[in-house]
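Fit the two chains together into the complex; they arrive one by one in their own frames, and the hints show the way.
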Amino acid sequence: MAEERKPRTLATKAAASIPKFVRGNLAATLKAKEEGKKVADAYINDGQDEIIRAMDIVPAWGESFAGVCAAKREAEQYLRKAEADNFSRSLCTYATCTIGFDMWREELGGEMPPKAPWGGMGRPDMIIGSAQQLCDPRFKWPQATQHYLQDVPVYVGGMYYPQWDPNVDHHEQEEIYVKYARAELMELVRFCEKHTGKKMDWDRLSELVNLTEKTWDIFIDAYELRRAIPTPMDTGDAMNTMVPLTFNLATQEAYDFYKALYDELTEKIKNKQGVAENEKYRIVWGAGLPSWFALGDFHYFNEKGAVFPVEVTYRNCEKIERLDLPPTNDPLERIARRWVRMWTYWYDAARKRKGSIPKVERIISYIEEYKCDGVVFHSAFSCRSWHAGIVHQAQVLKKVYGDIPILIMEGDIVDISSYNEADTHNRIDAFIEALDAYKKRSQ
Amino acid sequence: MTNFGNGSSLTVADKYYSQYGLRARELKGSGKKIIGYLSVLGPIEILTAAGVVPFRLKGNVSEAITKGDAYMETIICPFVRNVFDAAIKGKFDFLEGMVLPHQCDSIDRTDDVWANNLQLPYWHYLNVPHVTDDPSIEFMKDILRLLIRSLEKLTGKKITDDDIAQAVKAHNENRQLMRDLYVLRKSNPPMISGTEMMKVLVAAMSLPVDESSALIKSVTEEVKARPMPANGKVPRIMLIGDQIDDVAIIDAIEGAGAHLVMDDLSIGSKMYWTDVDATPDPIQGIAERYLRKLKIPTTFVGDGNTYQENLEARFGHMKQFIKEFKVDGAILFIYKYCDPYGFDVPAMKSFIESGGTPVLYLEDEYSTSTLARVKTRIEAFLEMIA
Ligand code: SF4
Ligand code: SF4
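Residue numbers (my numbering), protein chains in the order written: chain R, 1 to 443; chain B, 1001 to 1386.
Same shape as in the complex, but just chain B (with noise of 0.2 Å):
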């Protein structure tokens, strides 16, 4: 296990934050395989129990589409663009293989564009189901049980009920570290920043489970051990978005006088927030978080009795989060191109503000390009909520 050294944990998630990689690239030296995976739907228990290193990949915001244009078309995801840059790239040449769990069109029609142009020694797409119903639940159970097959046949190693449960644990745990972290963005002003939680939430989604969870508990000690910040009288802010994963925007938020405290990000809270149930059959928790506990708007929720159920369904943990961190803006950063996000827009916007929080909505690329005006638009809500 990873040894921080004194009051140094943050500095480790700063280095794992700032050459992404770095830890997967050694442990790949050592022997172990690497399978990337490409958002909060990525079986990371199963990978863990499989004995691989899950790897959640990510683009780099500064950096221009080159490559990637020639085999993926604009009109994508941005996001997923800018990945597919990297790997073609050869950013993560120490990826085996890599789980593509259908999410989104951008991901799914892009598989094959993946799989043919990386031509890794490992490929599997997991299709996972956008509902939720008894029968979803079913057959994410057997989508799994396929993913546990192809896994023994790339480690010629059996993945018992064992593994995976001792697998969940870990996670769950893991998750718990994550979640208490987060318990110190609640004071206010919160002890911890929005750009030192975004380096950490990086570096752990970069790491093994044990050594994620090593670092999470000794970032929470450190951030504890410090002087806690003057009181301030500057906007609490919440910020909304599927991968979201670099500093800029976060330091846009802060740069224009708020704190960033809390996030429903696929990287954070999503992430985090809801564990897997031990059950009798291991697979069975794991189908029920990823369908029914995860929030996230490629699953279908709609069965309520009323649409105001169904909006508590989808989008009420937004408003618990409001009130537990005392939010007192939202924002909105969704992708250009991202149908699940940006067709939850107007919904999502007058639940959060019908409860009082005012909401800022970008529509974004994956860059830094337009971080300017992205900049402007922050301020100006910054000064009307102030």
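Just chain R, with the same shape it has in the complex (with noise of 0.2 Å):
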């Protein structure tokens, strides 16, 4: 039996009313049929978004249902399930999570298995992943899934950046990229107009783009408000507060999220509302998902007066006028433009700076602005796509910025046999030490 968990204390009240979305989100899938609409098992950060919400297909998150399972620690029975049938337990947890429920369900004719967290998610009338560098799971858990699924067409589409080198200038790159992204964005309409009998309204995915931009620049603006001292919102919050970014974008509810956020935290600033009682440290999120069984570790760190004004992890949007794009009234080449750029918009800096690399960059940036004392990863075993190369990171940071406090901290996003909170709080104690001695050193 898992055990009760108090709920983390949480700073702000829009992440207080995250949990209606993520229900929310499961609720359309299951409610769907009902309205006569198709459910699409869909990754985040695909740039795929518009398209789907313009195709009114909602989109099932098995990324969002782990994390659910996780945080409700009963994710255990369907990693097993997925255990059984041979898949590793190295791999993805999101995805052999989400892939035990799948097969559940199916050996149970529909019907959601015991214990499925709010209800559980419904079943996909189609699969759409992406193959490109964000994370092989997301051509390889659409794949799997289809052998339990056999019905299910799957759509995976490619979307690619230039990869980061110090000798290139990504610049000259950047048509191939957005030619290729464009044309494959353009085969996921012709799916989906032929799964869901329906054509593509333009002008309506026109809006939805420009809803998504102004969604990314009042994400951008409500975020940057966290540079107050003290923070009115950590990364405790943001783990939350990320979720209409990531599982809502180009619905207006997103955006209308965000435009409270911005408001609340405009409010908590002109009241001097910190996040941890007494604010002593600053700290950057410099990379890692979190471990979603134990939130409560932010928690931890706000009681001893350590706070994340800002992540890296699910910040994955720019201001757009930072991004500089040019005009034009093609949807596709926007959102294939605005991504391309997007993972490519740390690339000059680093050029700047000999040794360094974008993700250094984007931390030392993060370190200036936001006033940091030093930097935590979280190493999560199952995923290498933000996990591998988080070493490296902390070596360049040192070599190129210099001997700031860094902790690197281990466990998993879903598999609560890696973590041990006593250890981790231990490990916190020393960090905490190190920042200590390191703000004293440089004051």
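Don't read these hints as lab results, they were simulated from the structure. Because the structure is a prediction, the values reported are computed rather than measured. Certain hints may be false.
What the hints assert, rightly or not - DSSO-like cross-link-like pairs, simulated, lysine-lysine; straight-line CA separation at most 27 Å:
#	chain 1	residue 1	chain 2	residue 2
1	R	Lys280	R	Lys440
2	B	Lys1217	B	Lys1015
3	R	Lys81	B	Lys1336
4	B	Lys1067	R	Lys399
5	R	Lys354	B	Lys1089
6	B	Lys1067	R	Lys81
7	B	Lys1217	R	Lys354
Now the structure itself:
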């Protein structure tokens, strides 16, 4: 029996409203049939949101579902189910947790497996994956799911960006990537048209692209308010407030959410309301998805006077004007170029500092803009995408920027067997001491 | 060209296998540029056309990782970590540079780690897509052209269409010669053992294409001239996996009384089974081979009309191998932390089993430290299918 845990104290009202979004997204997959809508398994940050929404397809987010399972400490039963059919425990646990759930739901003839969090997730009518640099599971997971849902069609499109190379000017290669990403988005439109029986409404798509760009902007505006001292919101909340950007992009609700967050944070700053009672240390969450079953660790940091005014994780967007997008009326090109530029946004800065890399430039800029004293990374064993290369980031950061305190925590996103609370807290204590010494040295 | 002398080609293969990189080091000494690559997606035709020597990197399963862990997380594919460890220890100090194709997260996400820490004069990341539709072929051609431009910069020499066509021809011949050698595994018992074959495969990937072809040809002749071994009733095994490049696992299979008669490995049949079509624009044929003809789990295949069609397109060739090479059992040997192969296991296993061939799935490290456990599982499997 999973232990009942007290929910983490949230600093913002906005974060407290997030379960409504998550539940709403799951419920939408269950309600879709009544509403005559199609459901598609979808994966975050694939640049496909506007198309999916414009076609009135309801996305079913395995990454969200698995995160909920983990937070409720109900993931193990699904992980075991997948493992019983030879999915290794070393694979992405978002994928194996969701596949285990899918397998079980099929065995039950479509009924939800026992203890399915929040009513479970509906059976998809299609699966929309993406092959790109983000991760292998984005195209292997759809394929593996189809093994159990054999009648469900799968589309996997490509969306790539130039890999970082200090000796190559990525701007010169951009057109190749935009042209390709655009063509693949067009293939997705055709796939959706085929499987919904509807035609794309291109005007609606353009409106949703506008709305998405507006949402990226208000998201960054709101998040940049966290530069304030004391910070009105930290990463513990951001692991919740990322939900509309990540899972509800291209909806009015997502935009409204960040507008409300903006207003709330402005108010808090006016009242000098911080996350920690006595803010002493400011830390960048440098990389890594969190352990969803141990979000309480952010609170542990806060109790020690440590806050995270900024994080790299789930901040996969940029202020549109900074991306300097050339004007075009083609919504697919706008989507393609926006993502290519987002993924390569830190390249120019990295090229200016010898030995640096874009991911480190981003961290340096956050350290400076958010006045941080240290960096924490989380290394989740089952996801190479965000977590391979963290050691390198830490080494490059020390080399090009200086001896700032760094903590690399180890664990997983879903698999609780990797986690030891006492050890984690001991490591945090030691890190806080290092931060303290660093602050004293630099004063 | 290397002179193998009388009946010594298997010994030469053994030498290049045991002293991996020996010939590359010699060639470097004579002024050749050696470019390393890591996987079956290594663009060997283009490298050959550029006048550099493609050299596929391997690690050493008997050597513990001693330096690499300071740079690379243990959640990365054990093969990649082991090779990186060898590289950082200076085992490949003859390399002028590397081409790292986008194959999987373990390679993609460590590109920086390799490039920044090895600091080789030449580095190129080849952004191979995972999908195979028409826009992907166009994209693949574009990124191959980027590679060509960067190699031209390295060598100071233009790479013409004719250079590429010649290289394609040489590599197609090389692949045909290797397939001819594979034919000798069809007899019962096979004319060449799995261990010998592994050594030839490894030696071949360390040599310039003409030397590799000469060696393979000579091995085939030598093997054909040997007295045919006595007919035996031992299980015939096929080994499936990515870069298995050491005899340890094969010794474990053959030492337990089986013959390894076929493989679906990325240094084996995956590499040699399909040719590049000679197309008017030679890049077209190369793009098509790497995206559409290579059967690897990092290429997404899924546009069949039914799931069964998708399975046939992904794994059908394995059933063909089973038939042609009279395979009694298949061993899937998958490295831990490998998402591309790992997610394929249930589908691949049930597909092969549906044809009546038993499958043993092993997930393991790129290391002999776990060999005893693996051996026990293999022995039990062989007993079961005997
Ligand atoms: S990014 Fe990581 S956690 Fe997310 S789906 Fe990919 S491998 Fe899994
Ligand atoms: S074994 Fe898997 S993870 Fe390792 S290099 Fe090959 S495809 Fe990548």
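Holds or violated: lysine 81/R and lysine 1336/B, Cα atoms, limit 27 Å. With a Cα-Cα distance of about 19 Å, the restraint between lysine 81/R and lysine 1336/B holds, given a limit of 27 Å.
Does the structure keep lysine 1217/B and lysine 1015/B at a Cα separation of 27 Å or less? Distance of about 17 Å is within 27 Å: holds.
Holds or violated: lysine 280/R and lysine 440/R, Cα atoms, limit 27 Å. 12 Å, holds
Is the Cα-Cα distance between lysine 1217/B and lysine 354/R 27 Å or less? Distance of about 49 Å is beyond 27 Å: violated.
Keeping to a limit of 27 Å between CA atoms, is the pair of lysine 354/R and lysine 1089/B held or broken? Holds - the C-alpha atoms of lysine 1089/B and lysine 354/R are around 24 Å apart, at most 27 Å.
Going straight from one Cα to the other, do lysine 1067/B and lysine 81/R come out at no more than 27 Å? Measuring from Cα to Cα gives roughly 37 Å; hence the hint is violated.
If you draw a straight line from the CA of lysine 1067/B to the CA of lysine 399/R, is it 27 Å or shorter? Distance of about 19 Å is within 27 Å: holds.
Of the hints listed earlier, those the structure fails to meet are numbers 6, 7, in rising order.
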